[in-house]
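Q: Line by line, the protein sequences are chains A and B. Under our numbering, the first residue of the first sequence is numbered 24, with each subsequent residue one higher. Under our numbering, the first residue of the second sequence is numbered 997, with each subsequent residue one higher.
Please keep in mind that the hints were generated in silico from the structure rather than gathered at the bench.
In silico EDC-like links for lysine to aspartate or glutamate, alpha-carbon gap of 16 Å or less:
#1 A:204 to B:1044
#2 A:155 to B:1113
#3 A:204 to B:1047
#4 B:1112 to A:151
#5 A:204 to B:1012
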Amino acid sequence: MKIKLHGTRGAYPTSSKETQKLGGNTSCIEIIEESQRLILDAGTGILEIDFDSYAASKRVDILLTHLHMDHIQGLGFFKPIFNPQKEIHIWGPGGSSYPLKDRLNKFLSPPLFPVMLRDIPSKLVIHELPNKPFKLGEFLITAKFVCHPGPTVGYRIQKGSKSVAYIPDHEPVLNRPELFKEDRWISGFDLCNNADLLIHDSQFNREEYENKVGWGHCTMRIAAELSKRARAKHLVMFHHDPAHTDEYRSAMFTEFVNTHTYDFPVELAVQGQEIEI
Amino acid sequence: MSAHEIEIILSRQLADCLSVPVFIVDPEGTLVFYNEPAEKILGQRFQDTGEMRVGDWGNAFQPHDKKGKAIPQDELPLVSTIKSHVPAHKTFWIKSLEGKSFKISVTSIPIIGRSKEFSGALAIFWDNDLKV
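Work out the full structure: start from the sequences and follow the hints.
A: If you want it as structure tokens, here you go:
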């Protein structure tokens, strides 16, 4: 399985020179296995994907973790959506009261977007995520609700013995310095359990988190502790704050790794990065 | 053993922050968490007991009516909610660890998350003599 990181920022895209090393696009990753591909989230990173040069297929599957703008703002602009030959399958969490389609329609309709959802040229199929694992081609997909404001899931994508967990926006514990002692009480634990790769929120340092409890994001330390507890084999720290320059973010990371030791690789997500598992 | 659903995890986080006793059970009635104020009612600490089956916790606080007659487990609000998946409320008496009866009101609610599946129930105990 190859994982490509097309967008690693949270909140909003940034084009400043100081954020280009880690990347300015918002959340989007691509998972490729031979001729099959999955897109996870549709932030502006989705605009980096070349849909025609490889894994070309009539069908495109996009799995949304949630509908916050940084995860859907590329949805209305990526090329296949305007191609009548394409079949776009969008998967996402249902809400308590309003179906996924209604909630997506709020964004993909005037005045926020010029084209109505029903007028989009491609064949658009919207699926609410089932409560059980399901298969898309060779991929086994598990989606579980996780702790983040609004209906939000994390994903575990499995192919054979390999698995990647993707939880870009996540606050595993609310206003607690440590994870609960029992694994069963940790949001997202099952998704990360023994994953070969964990791509996880890590937006804040400790001081920032103290003022942003309940915003749905976590510290580098909590991300790493979750990875350790779940015995994930590789942690990629994701969802960089767009207000942080690369220099600031890298300094945060350096300080973190200089004061914490883990027996698995930990790194900052970089836009354009490819990881093979 | 798989992790709890997010609505149960968040219920625990809420219960952790409250000063009134809260009990959380899974769909089978197993007491999966009780907070510190609830520890005083059960006379045991969650960190010592871990999860408790319904038969173990249902009678631990000796629920009874005004005349001292024991209330069957099935008539307790939390047990009722587990069976019916609807909220329940009851005022009754329980015995303190020192053997003194005091009047409480219990409200239980089903926990049904976005998956629309019944994940368990939560009960809040209210000491009717408490002055707030």
